[in-house]
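S.K.: Here is what each chain is made of, one letter per residue.
There are 2 protein chains.
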Amino acid sequence: MNNFTFCTPTKVYFGKGAISNLKEAVTNFGTKVLLVYGGGSIKKSGLYDTVLKNLDKCEIFELSGVEPNPRIDSVRAGVELCRKHNIEVVLAVGGGSVLDCSKAICAGVFYEGDAWDLVLDNSKVTEALPLVTVLTLSATGSEFDFGAVISNLQTNEKLALCHDKLFPKASILDPSYTFSVSAYQSAAGAADMMSHIMEQYFVLGSNIISDGLCEAILKTAIVNTKKVLKDPNDYDARAQLMWASSLACNGICSLGNTKSPWVCHGIEHEVSAYYDITHGVGLAIITPHWMRYSLNEQTVDRFCQFAANVFNVPYSDDKFKMANEGIDKLAQFFNEIGIAKSFSELNIGKEHIEDMAKHAVEFGCFDTAIRPLNVADVVTILNNCF
Amino acid sequence: MNNFTFCTPTKVYFGKGAISNLKEAVTNFGTKVLLVYGGGSIKKSGLYDTVLKNLDKCEIFELSGVEPNPRIDSVRAGVELCRKHNIEVVLAVGGGSVLDCSKAICAGVFYEGDAWDLVLDNSKVTEALPLVTVLTLSATGSEFDFGAVISNLQTNEKLALCHDKLFPKASILDPSYTFSVSAYQSAAGAADMMSHIMEQYFVLGSNIISDGLCEAILKTAIVNTKKVLKDPNDYDARAQLMWASSLACNGICSLGNTKSPWVCHGIEHEVSAYYDITHGVGLAIITPHWMRYSLNEQTVDRFCQFAANVFNVPYSDDKFKMANEGIDKLAQFFNEIGIAKSFSELNIGKEHIEDMAKHAVEFGCFDTAIRPLNVADVVTILNNCF
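Keeping their order, the protein sequence lines are chains A and B. Per this note's numbering, the very first residue in the first sequence carries number 1; after that it's consecutive. Per this note's numbering, the very first residue in the second sequence carries number 1; after that it's consecutive.
Be aware that a few hints might be false.
The list cannot tell twin chains apart, which means a pair is met if one copy fits it or any two copies do.
Mimicking DMTMM-like on lysine to aspartate or glutamate, the simulated pairs with C-alpha atoms at most 25 Å apart in a straight line are [as the list claims (entries may be wrong)]:
(1) 23 - 127
(2) 227 - 301
(3) 43 - 56
(4) 44 - 231
(5) 219 - 301
(6) 43 - 234
(7) 165 - 24
(8) 16 - 164
(9) 23 - 234
(10) 227 - 62
(11) 23 - 117
(12) 124 - 114
(13) 124 - 301
(14) 259 - 234
(15) 230 - 24
In case anyone wonders, no lab produced these hints; they're calculated from the structure. Values in this document were obtained by computation on a predicted structure and should not be read as measured data.
Take the sequences, apply the hints, and build the full model.
M.R.: Here you go:
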């Protein structure tokens, strides 16, 4: 086992009615609140009103309209609001994009320069406003981790800002808030959380605890996504997906393991930065192609373990056949839940492939991947996605 | 899934050389330190000197001689030392007993009455001194949880004090500090961490994540205990055991599950309170008997899952045969690693059985167990242990 440092100070309030903890969770830190949310679905669902009712003693300022793949412009706007109104605590109500944007705002307030500098260099983060979250989408795990992914449309960059100060202080996870999530977004969310696990799982040095946790989360996502697509109001399935997504990106699933460069995320961020596609959809398309490209003598046993323990593929003397069967089953699962099979279906062109591959390799550590990848390798994987 | 609230604010520094973080971890909270340790093994091993060297800028006071099954008298002595010297931070160096005693000290300092009151009623805990730990034994998980088990020899009671304020602020987990742990204590530690899991695992409502994590930790304990008994200096095996033990009692393994009353712990604490036996040994003797007594139509599927996923028992049409095979394999494992098979081997008498059973049922919620237990049931289980 490798050395590690681990701490998740976020307090999770999980379950039906968990919103009753909101008032205490927020007012612990102050009463001047920046409420951050997205396109307004929380108004339709009534959650917006519920939040305001619970915070009737607070002074609320708002930043709405945070985009999927949240943009640095929204972060800048939030920072300005915080400064103008002396905000004491940020409350993010939404999915991963709203939470990520809020995290960057929390850090940006304490940085004199432009918030994008922090994304490019996390050592510039010194302090952050306290963040409380109310989750409405099971996907990114931002509610229980210290990362934020921010897009810059000016530079075609989508990059992760990670810092210990960015853990939410408290996260309210009520699975019933995800009943209204569409089949499309539920599927994309499942692909996202599964990708978080697969990025950590496909390394050459792991341990039984990590493997058990990763395989359990993958199985949870597979079983329960099928259930919520049949019955969007299946509380127990929504609950298992929500908790799975929170654990998947927290780091606890790979403690002690060989470090992974999260290759599929690195590649997908490039595609999103150019084409603004849904993150989970991009990951679901890229992952099986990355797997096939990474399957070789050194990695085949790992793929066989994945096939056996996640998809119940029977052990076979032909290890490559078995490994490929696992990958096929994964691709098949993504198709079954309605995710596009290729970039072509998303109207993505090939014109930026070289640039995307170069940038991904430059910002990743792809030479440490289970099969080390250079620019030409990434170009091939991207081409295979069409 | 049931509702839950979850937060583990403890910062874990894991791995060889993690002691280099000690200075920062301690002096974050102050320089007047109460160093708590046990019978002096840390002096033999050199860890005592290493700790002092790392804290050369601190003023150190000492409480040594903390017993296995730590006693309320040691807690009282520690509280007195803290008050006398205006201690700012407590540093526990040792195994679960030292850590548990230190937790009770940390809380006791802020309570005007006798510290035993806190053990009897945790609502009396208001505040606690910050606690940093350096772990030397993989067993109880106290380094990553909020519980402390304290014994009172005057009243023949051994009870758990649990409170959010009792999480260590930081825990230093260097697996190489456990190289010198004897075969006997390594086996007892394994039994303890496995019991923590089995107490949580044997419920009628669980989920895939919880099951996966529990089964992985059980397998980790089984595989790696055998390894360390062969080679006490097997770093990787010691490391896996250490991290397994930290997760096993933290609560994360059973989030969302039906609540369990931790029956075997309740019973074992009674036995320890009268006979001061090694906690893990008592658990290893009691657990298989409790399992056999709890095996019935309602519970058999759970025991079959355990047999299959932990001990690779093949699926059988005769579910009870399969379930019993799993229990047999567990008992066999405990015997293989050198743990006594019965209370008789430990020279325990039968004279207190009625009292122990009554007290266990009174302080437990045994009617919520996988098979609900009354006093007569516990008497039978205890008798079966001879």
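S.K.: Now tell me if each hint is right for this structure.
M.R.: We went through each hint and held it up to the structure:
1. Within a single copy, residue 23 and residue 127 get their C-alpha atoms as close as 24 Å, and across copies as close as 22 Å, so both meet the 25 Å cut-off.
2. In this homomeric assembly, residue 227 and residue 301 come within 25 Å of each other (Cα to Cα) only across copies, at 23 Å, whereas the closest approach inside a single copy is 31 Å.
3. Taking the closest pair of Cα atoms, residue 43 and residue 56 come within 25 Å of each other only inside a single copy of the chain (17 Å); across copies the shortest separation is 58 Å, beyond that limit.
4. With identical chains, the CA atoms of residue 44 and residue 231 are at most 25 Å apart within one copy only, with a shortest distance of 20 Å there and 62 Å across copies.
5. For the identical chains of this complex, residue 219 and residue 301 are neighbours both inside a copy (19 Å) and across copies (20 Å), given an alpha-carbon limit of 25 Å.
6. For the homomeric pair residue 43 and residue 234, the shortest alpha-carbon distance inside one copy (22 Å) is at most 25 Å, but the shortest distance between copies (58 Å) is not.
7. Within a single copy, residue 165 and residue 24 get their C-alpha atoms as close as 21 Å, and across copies as close as 17 Å, so both meet the 25 Å cut-off.
8. For the identical chains of this complex, residue 16 and residue 164 are inter-copy neighbours only, at 22 Å across copies versus 29 Å inside a copy, given an alpha-carbon limit of 25 Å.
9. Taking the shortest alpha-carbon separations for residue 23 and residue 234, neither the intra-copy value of 28 Å nor the inter-copy value of 50 Å comes in at or below 25 Å.
10. Proximity of residue 227 to residue 62 under the C-alpha cut-off of 25 Å is found in neither arrangement, the shortest distances being 35 Å within a copy and 58 Å between copies.
11. For the homomeric pair residue 23 and residue 117, neither the shortest alpha-carbon distance inside one copy (33 Å) nor that between copies (32 Å) is at most 25 Å.
12. With identical chains, the CA atoms of residue 124 and residue 114 are at most 25 Å apart within one copy only, with a shortest distance of 11 Å there and 49 Å across copies.
13. In the homo-oligomer, the alpha carbons of residue 124 and residue 301 never lie at most 25 Å apart, since the shortest distance is 41 Å inside one protomer and 54 Å across protomers.
14. In this homomeric assembly, residue 259 and residue 234 come within 25 Å of each other (Cα to Cα) only across copies, at 22 Å, whereas the closest approach inside a single copy is 36 Å.
15. When the C-alpha separation of residue 230 and residue 24 is checked against a cutoff of 25 Å, the pair qualifies neither within a copy, at 36 Å, nor between copies, at 52 Å.
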